[in-house]
Structure formats: C-alpha cells, structure tokens
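Single-letter residue listing:
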Amino acid sequence: MSLPPQPAAPIEVLDSGTGLSIASPVSFEALQPGVEAVVSARHLTKVYGPLTALHDFTIDIPRGSIYGIIGPNGAGKSTAFSILATLLQPTAGAALVCGFDPTSNPKAVRKRMGYMPDVMGVYERLTVAEYLQFHAAAYRVPRSEWASLVPGLLELVDLDVKANSLVDRLSRGMKQRLSLARAMVHDPELLILDEPASGLDPRARIEFRQLLVALQEMGKTILISSHILAELQQMCSDIAVIEAGVLLASGSPDSIIHQLGNGRSVKVSFDDGTTETFSVTDTADQASLLRRLVNDDERTVVEFTELTTDLEGLFLQITQGIVQ
Amino acid sequence: MSAFAAAFQNLNPVFDRELRQRSRSGRSVILLSLLLTALTGILYVAHLAVTQESRNQFNGGQEMVTNTAGAVMFESVLFVELALLLLIIPGISSGAISGERDRQTLIPLQVTLLGRFGIFMGKVGASSSFVLLLIIASAPLLAIPYLLGGISLTRIMLGIVTTLLTGITYATLGVSCSAFFRRTQTATLMSYLIVFLAIFGSLVIWVVINIVRSAQGDFSPAPSWPMLINPFVGVADAAGDFTNDFSSFPGPFSGLKQGFFGDNWDGRIASNQPNWLYSLAVQITFTGAWVVLGLRKLRLPQKEID
Ligand SMILES: Nc1ncnc2c1ncn2[C@@H]1O[C@H](COP(=O)(O)OP(=O)(O)OP(=O)(O)O)[C@@H](O)[C@H]1O
Ligand SMILES: [Mg+2]
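Protein sequence lines, in the order shown, are assigned to chains Z and G. Just so we're aligned, residue 1 is where the first sequence starts under the numbering used here, counting upward by one. Just so we're aligned, residue 1 is where the second sequence starts under the numbering used here, counting upward by one.
These are computed hints drawn from the structure, not numbers from a lab. This structure is a prediction, so every number in the text was calculated from the model and none was measured. Incorrect hints may appear among the rest.
Claimed, not checked - Over 12 Å on every C-beta distance to chain Z, these chain G residues come out as not near it, computed from the model:
| hint | residue |
| --- | --- |
| 1 | V45 |
| 2 | Q110 |
| 3 | A139 |
| 4 | Q185 |
| 5 | L300 |
Claimed, not checked - Here are some, though not all, of the chain Z residues that point toward chain G, as calculated from beta-carbon distances under 7 Å:
| hint | residue |
| --- | --- |
| 6 | L87 |
| 7 | T103 |
| 8 | N105 |
| 9 | R110 |
| 10 | G121 |
| 11 | R125 |
| 12 | A137 |
| 13 | R140 |
| 14 | I206 |
| 15 | Q210 |
C-beta: ideal position from N, C-alpha, C; glycine also.
When you get a sec, could you build the whole thing from the sequences and use the hints?
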C-alpha cells in the first residue's frame with residue numbers, strides 16, 4: 001500500500017521579531033483528512049551501513065487510538081520507535097510527535113510522551129515506590145504531587161502491594177508493569193510501548209490488554225509493537241504491518257483484511273468427502289461462487305470456510321520472512 | 001554539607017538516588033573502615049620513624065619529638081590518603097554511566113527531562129560526595145599531627161583542599177570515561193590508565209628530558225612543568241614545605257616540593273609561585289576535555305544507540 005508522498009511542513013518557524021527560531025507545534029498535511037494525528041512520520045528512513053532498517057516510513061497515529069505495529073524480528077519496529085522517542089536520528093525523513101520534531105526538539109517531545117523500551121532494566125537496592133519517585137523527579141513532577149501520584153500509578157498497574165519491595169526482586173511481568181507505570185509518571189498524552197507484553201503469561205497478557213484499553217479510555221494515545229497478532233487485533237483501533245523496514249499495510253484491522261482480502265481463499269467440503277480450495281477476489285465473487293456450488297447437482301456442499309480472515313494468516317500471507 | 005546535600009538532592013534526582021542506594025550497601029562502610037585503618041597504621045609508623053630518627057640524631061637514646069615530627073606525620077598520612085584515593089576513585093566512578101547502560105536503565109533516564117548535564121552532574125556529585133566523605137572521615141587523623149606541633153594549620157588546610165579537589169577531578173574523569181566508553185570494563189581500565197600515566201608517565205617524561213639534556217652536556221635539572229599534571233606533585237606544593245635540615249627525612253610532600261619546585265635550582269619552577277594552583281588547572285583542563293567527550297556521547301538523538 002503506497003501512500004502519496006507529502007511535502008514535509010517546516011518544523012521550526014522563524015520569529016520575525018527576534019529572528020530566533022521558536023519551537024511551536026506544527027503538523028504535516030494529514031494522510032486522512034479530518035483525523036488529528038498525535039504522531040506523524042513522513043518518509044522516515046534509517047540506514048545502518050549497507051542495511052536499511054527503516055525505509056520511507058510514512059504513518060499517522062490518530063489521537064486516542066491504540067495503534068499497533070506488527071512485524072517479524074528485525075522488521076524495524078524498535079528503530080521506528082527509537083526515532084519517535086527522541087533517541088535516534090533518522091537518515092532521512094521527518095516526524096512530528098505531539099506536535100514537535102523529536103530530532104530538533106527532543107525535550108518538548110519527552111514532556112508529552114512516555115516511552116517503554118523493549119528491555120526493562122532495574123536498579124539494585126531501590127524500592128518500587130522509590131523507583132517511581134526517582135523518575136517523577138527526573139520528569140520534574142513537583143515533590144508535593146508524589147504522595148498521590150505514586151500510589152495511584154501502582155494501583156493502576158496492580159502493583160500497590162509491592163510498593164515497598166525491592167525493584168530487582170520483582171517478577172518479569174511485574175517489572176514490565178512497573179516499566180509502564182514509569183512511562184506514565186508525567187502523565188503523557190502519548191505512550192510508545194515497544195513489545196510491552198513480551199514475557200508475560202497468558203493471564204498477564206489479558207490484564208495488560210485491559211490496562212491499555214483503560215488508558216485509551218483515559219484519553220491517551222498508545223503506540224505499541226508486537227509479534228503477537230491476535231493480541232493487537234483485539235485491542236488496536238489501527239494496525240500497521242512492517243517487514244524489512246517497509247510498511248506493507250496500515251489501517252483498521254478490518255480494513256487491512258479488506259485491503260488485502262483480494263487474494264482470499266475459500267475452503268469447501270463436499271458430501272463425497274473431498275475438499276477443494278477456491279480463490280475469490282471479493283465478497284461478491286465469493287457469493288457467486290457459493291451460488292454456483294449450491295446449484296451444482298453433482299456434489300452437495302457440507303462446509304464452506306473462508307480462509308485467512310484473521311491477521312495471523314494475513315501476516316503470514318503478506319510478509320515473506322525476509323531477513324536482512 | 002547537609003544543607004548543601006539537601007539542596008543538591010532536590011536539584012538532582014540521580015544524586016539523590018545514588019546516595020540512597022549507597023546507604024543500603026555495606027560497600028562504602030567497608031571501604032571507609034579499610035581506609036581509616038590503613039591511615040591510622042601510617043600515622044603510627046610515621047610517628048615511630050620520626051622518633052627513631054630523632055633518637056639517632058641526638059645520640060642520647062632519649063626519645064623526643066623534633067619540631068618537624070608533626071609535619072612528617074601529616075605529610076605521610078596525606079600522601080597515603082591521596083594514593084589510596086587515586087586507587088579507589090577510578091573504581092567507584094568509572095561504572096557510573098556505563099553501569100546504567102549495562103543494566104539498561106540509561107535510556108529510560110535519557111528520555112526524562114533531566115538531560116545529559118543533569119545525568120552527568122548527578123553522577124559526578126555522587127562520586128565526589130564519596131571522596132568528600134573519605135576526606136572528612138580522615139580529618140581527625142590529620143589533626144593529630146597538628147596537635148603534636150611543627151606544622152601550620154594553613155598547610156594542613158591547603159593539603160586537604162588540594163587533595164579533595166584532586167579527588168573530585170579524578171572522579172569527574174572517571175564519570176567522563178564511563179560516559180565515553182560503552183563498556184564498564186573499558187571505562188575502568190582507561191580511568192586507571194589515565195591515573196597511572198598522570199603519576200608515572202609525567203615522571204618518565206621528566207626523566208627522559210633529563211637524560212637527553214645530559215647527553216647534550218647540560219647537567220642542570222630539566223624544567224619541572226611536565227610534572228604539573230602529576231597529582232602528587234600538585235598536592236606537594238600545597239602540603240609540603242622547604243626544610244633546611246637536609247640530614248633528616250623531610251616528609252614525602254616536602255621531598256617532592258624540594259625536588260620539583262626548588263627556586264635556586266636551574267630549570268625548576270620557583271617555589272614562591274602558587275604551583276598547586278597551576279597543577280590543579282592543568283589537571284582540571286585535561287579532565288575538562290574528557291568531560292566534553294563524555295557529554296557528546298550522552299547527547300540524544302544519536303546516529304546510533306548502544
Ligand atoms: N545499531 C545498529 N547497527 C546496525 N544495525 C542495526 C542497529 N540497530 C538495529 N539494526 C538492524 O536494524 C534492523 C531493524 O532492527 P529493529 O530492532 O528495529 O527490529 P525490530 O522490528 O524491533 O525487531 P524485534 O522484533 O526483534 O525487536 C535489524 O536488521 C537490526 O539488525
Ligand atoms: Mg524490537
């Protein structure tokens with residue numbers, strides 16, 4: 001799915017009075033008219049020597065959405081997130097995160113964004129509450145607010161009973177939840193979560209998903225990456241599929257299925273025990289196939305199943321396992 | 001100190017957190033105890049040596065304390081303290097930032113509003129506060145020689161202050177290495193190498209210059225400016241003194257001061273100059289260059305992240 005190239009808007013405006021460049025929120029021309037984007041990337045490219053980790057990545061993340069990025073290992077998900085999270089300079093292209101350019105104005109972005117890296121490190125000899133207080137201080141949250149902030153966050157991520165435990169004694173899932181709480185100490189409008197659910201058991205995954213939906217209801221925009229497609233399909237309002245640094249598809253889970261449904265196939269079982277797979281181009285084509293089969297006098301249809309209507313199948317269908 | 005610490009604590013969360021963690025580990029207490037034990041031992045040995053020497057000199061076998069005894073004891077304790085500090089400091093400071101990198105706690109810190117200066121200063125503050133702690137804890141050992149007499153309070157204060165500043169300089173250097181080198185092992189190795197070169201490398205350069213000069217037929221001592229980078233020589237100018245009594249051991253710092261800052265010898269820097277200030281300036285400038293290098297590595301966004 002190629003997106004029409006958009007001219008990048010100027011990131012910094014020159015103040016005519018002082019001649020100084022002042023940072024002010026600006027936006028790119030929206031990819032979809034009328035949709036306010038919290039994050040927009042235009043032609044983001046990251047090259048490491050001979051390897052293009054991210055190629056011409058153009059995307060809009062609508063306000064209030066849970067936006068999932070799916071891709072196999074090495075697809076460039078963390079690379080894209082690192083650029084958006086003010087850590088990495090893109091080789092080409094530009095991005096706006098909460099209205100600011102992460103490359104030229106990282107502080108403005110950091111104020112408004114919470115980032116959870118794919119690896120979670122912890123300190124020794126520090127309690128869970130102190131860990132959050134430390135990061136609250138690092139985000140310049142006034143000390144007077146800590147007393148209500150820290151217990152509130154711990155309750156949100158269900159760690160309130162662990163407030164006085166040492167951070168390095170927590171289980172992996174607990175550390176993950178603490179890491180999410182840490183990313184929220186400054187009440188950011190945007191959360192960038194790099195594979196937050198990896199290493200969680202099934203129950204913890206479901207709880208994590210519920211937590212993210214609750215955060216979305218609180219008005220936060222969430223950008224999340226994962227390999228687990230079923231997971232994203234259930235909670236994400238939008239999904240982008242990326243492989244070998246290239247954005248393959250983006251949109252709502254349904255629209256992706258629709259967009260990529262051209263080559264969908266249908267499995268049909270007959271009363272004589274045989275099964276046959278038919279390719280259909282769209283719903284109308286599928287309906288006419290069904291009519292034709294029903295009117296067939298020689299064989300009777302006992303089962304009619306549409307294949308690859310879930311993202312898992314689509315994922316396997318549209319990604320080719322390219323390893324760079 | 002506590003008011004200052006409290007202010008800095010509010011100012012810098014990294015400093016606050018480091019102190020909190022340190023207070024919960026036994027390491028600093030053990031290190032402090034070992035250091036104080038060693039220094040107490042040195043004080044005693046110096047005392048023995050001084051009294052022994054005075055007995056020999058006056059032939060009477062009667063034990064007496066000369067009026068330079070306090071000075072020799074003070075210098076010996078401070079000399080060993082400086083040596084131990086230079087041995088400890090790279091170890092405690094060179095993991096400051098690379099350690100966070102290893103534990104993968106650096107990136108969460110870097111996306112906060114602290115900024116690289118905030119992170120760096122917090123780490124320098126934490127390492128320096130440990131140096132300050134060691135020096136304050138050993139202050140009574142340095143006061144004993146004063147009470148025995150033979151040394152001025154000014155010299156004691158100057159010696160302590162230059163030692164403290166030298167310690168903070170090398171702590172800053174260790175933190176810079178820690179920011180510059182990705183791996184803690186490399187940072188630690190480089191920090192020790194720099195300390196080693198400052199101490200012995202400067203001496204080797206000075207000796208080589210001397211050899212070259214004498215080969216050219218010039219037997220006057222070489223200029224002593226290469227020694228300004230040497231932390232011991234710097235402190236020596238502040239803590240040492242000239243003694244007219246060349247027959248007795250003058251104390252390590254006085255020995256160094258006489259050796260490198262003798263004003264009546266050719267090629268030496270005059271003793272009536274504030275050489276310790278020049279020495280600190282040289283060391284701080286050198287460290288400053290490393291600080292710039294280290295801070296550059298902490299700037300984000302980077303072309304590549306570790
Ligand atoms: N510093 C670097 N130097 C060279 N290549 C790099 C660097 N960082 C990442 N890459 C490469 O860029 C590509 C994209 O990596 P990235 O971490 O973005 O993938 P990912 O989608 O997050 O994968 P995963 O699902 O395994 O986390 C990979 O091929 C990786 O090897
Ligand atoms: Mg990744």
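Verification of the supplied hints:
For V45 of chain G, the requirement that its beta carbon stay farther than 12 Å from each beta carbon of chain Z is met, with the minimum near 37 Å. Q110 of chain G, annotated as away from the interface, has a beta carbon of chain Z within 12 Å; the closest lies near 7 Å. Distance to chain Z confirms A139 of chain G as a non-interface residue, since its nearest Cβ pair spans about 28 Å, more than 12 Å. A cut-off of 12 Å between C-beta atoms confirms that Q185 of chain G is not in contact with chain Z; the least separation is 18 Å.
Listed as outside the interface, L300 of chain G is inconsistent with that label: its C-beta sits roughly 6 Å from the nearest C-beta of chain Z, within the 12 Å cut-off. Below 7 Å, beta-carbon pairs count as interface contacts, and L87 of chain Z has one with chain G at about 5 Å; its hint therefore holds. The interface hint given for T103 of chain Z is met, as the beta carbon of that residue sits about 6 Å from the closest beta carbon of chain G, less than 7 Å. At its closest, the beta carbon of N105 of chain Z sits 11 Å from a beta carbon of chain G; the interface hint therefore is violated under the 7 Å criterion.
Checking R110 of chain Z against chain G by beta carbon gives a least distance of about 5 Å; that is within 7 Å, so the hint holds. At a threshold of 7 Å, the smallest CB-CB gap from G121 of chain Z to chain G is about 3 Å, leaving the interface hint in force. The beta carbon of R125 of chain Z comes within 4 Å of a beta carbon in chain G, closer than 7 Å, and the hint placing it at the interface holds. Restraint check, A137 of chain Z versus chain G: the minimum CB separation of about 4 Å is within 7 Å; hint holds.
The criterion of a C-beta within 7 Å of any C-beta in chain G is met by R140 of chain Z, whose closest approach is roughly 5 Å, and the hint holds. Given the 7 Å rule on beta carbons, the hint for I206 of chain Z is violated: about 26 Å separates it from the nearest Cβ of chain G. Because the smallest distance between the Cβ of Q210 of chain Z and any Cβ of chain G comes to about 24 Å, over 7 Å, the interface hint for this residue is violated.
Checked against the numbered hints above, the structure breaks hints 2, 5, 8, 14, 15 and satisfies the rest.
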